[in-house]
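In order, the protein sequence lines correspond to chains E and W. Heads up, the first sequence is in the numbering used here, so the first residue is 678 and it goes up one at a time. Heads up, the second sequence is in the numbering used here, so the first residue is 75 and it goes up one at a time.
Some clues are possibly wrong.
As the list claims (entries may be wrong) - These stretches of chain E come out as covered by chain W in the derived footprint (C-beta under 8 Å, 3 or more residues): (1) 792 to 800; (2) 864 to 871; (3) 907 to 913; (4) 926 to 938.
The set of hints was computed from the structure by calculation and includes no laboratory data. Bear in mind the structure is a predicted one, so any value in this text is a computation, not a measurement. Positions of the beta carbon are idealized from the N, C-alpha and C atoms, including for glycine.
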Amino acid sequence: MDLPVVILGATVREIQAHQITEAVSRLCQEANFDLPPDVLDSLTHAQNIEVSLEAKDALGQLLENARIAREERLPLCQDCGYTIIFLEMGQDCHVIGGDLYSAVQEGVRRGYDEGYLRKSIVNPPIFQRSNTGDNTPAAIHTEIVPGDRLRIVVMPKGGGSENMSVLAMLTPAQGIKGVVETVAAAVDRAGSNPCPPVIVGVGIGGTADYAMYLAKKALLRPVGQPNADLQIAGLEKEVLERVNGLGIGSQGYGGTVTALAVHVETYPAHMASLPVAVSIQCHSARHKEAEL
Amino acid sequence: MNIHLTPPLDDKTIEHLRSGDRVSITGVIYTARDAAHKRLVEALESGGPLPIPLEGQIIYYMGPSPARPGRPIGSAGPTTSGRMDSYAPTLLARGLKGMIGKGNRSQLVRDAIKRHRAVYLAATGGAGALIARTIKKAEVVAYEDLGAEAIRRLEVEDFPAVVINDIYGGDLYEEGKAKYARR
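Please model the complete structure; the sequences and the hints are all you need to start from.
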């Protein structure tokens, strides 16, 4: 028996680059046409419990919009987003026939073209700001994980909500109160801009950059699913109550549901630091995933 | 109650509008976002001609997704208005009567709305597929090189919007929030 071959054959799985391109293209389109069921359920629930008639009416429009988008394959929102892509790459997975990131970018290019999606990316970001014409480049976050699969999550995120992001480097003394105040202030300041009802992603701990990444990742959790850690789940609940007490409501017309959910993710922090990052997701919480 | 608006708007029509009123617009409106506003205001400042009329008109802060074949437009909901705040007073001074977008306006814009007798309306943010149904025709009339940000002339029918800021200082965002805030 030829030992090296056995080791390779037993542990490495091959994925063709074109499979990745095709998956990303399809996910870009599906995400923009088809709001996930958990988001739809959450909006329906909000419509049932909302007290303000104006906000209730707006929620009804959003549900109707989702139906039209799905049936007519029209983008849920004309802002088809910055394409944010999370890759979880099994360490025993090997891409052949091209390189991983080029395959992903080609998928974005193809998906936005075929789906009649709006191309919103400009480069350079300052000076000329010319549209790149195909919505590339996507922002890609990659994690290497055990296994031989490649998980791809596509999250198109609109500029209006992304512009409301906040990072605060609190002192440890500011503690829980500081965290709650920081998140509430971010949502309050955002007001009607990020298209409420919003989902609030909060990253606590790590470094400045890592907290921001956690906040973004927190948005991928099914809407309203609490953190598995009970203490953190309690904090999520406290912040949600605080945020919904602001009175902003759907579309900012006033109401009792400003946020559908608050999702908190944490990571150990430096003993001198308490980073808090807030990523606000509009009600059009688009994301689709596939595993190759 | 639903108030029907048909641009061009005159002062008398504007005087009837109050924050919180629902309106539906039928007729011609123009789209412009950040880049188009920059060019419009630069054109005004250099004394050049404008590619669209402003007197009595409504500008919709919107950049659509591409139209599928046989359709007038793609998804077509409002963008965040605040980014147009630095340009809006200049256009209001030249006769612009209405702005449609989403999100709150600066004090300068709210003051200009009162001074020049205009109105700020919101369309439902994130309802671009629904709103597209009220747009019967779309045509790029200026700055084609800006793509989604080009100025479009839209023919709309019963386009739904809500009055946010009126000439009396009313502000639906502030009023709505005050009504439901828990202290």
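Do the hints match the structure? See the list:
Coverage of the region 792 to 800 of chain E by chain W holds. Counting CB-CB distances below 8 Å, 5 residues qualify, and the rule asks for three or more. For the region 864 to 871 of chain E, the stated coverage by chain W is satisfied: 3 residues place a CB nearer than 8 Å to a CB of that chain, which reaches the threshold of 3. Figure legend: the region 907 to 913 of chain E, annotated as covered by chain W; annotation inconsistent (0 residues with Cβ-Cβ distances under 8 Å, at least 3 required). For the region 926 to 938 of chain E, the proposed coverage by chain W is satisfied: 7 residues have a C-beta within less than 8 Å of a C-beta in that chain, meeting the threshold of three.
Of the numbered hints listed earlier, the single one contradicted by the structure is hint 3.
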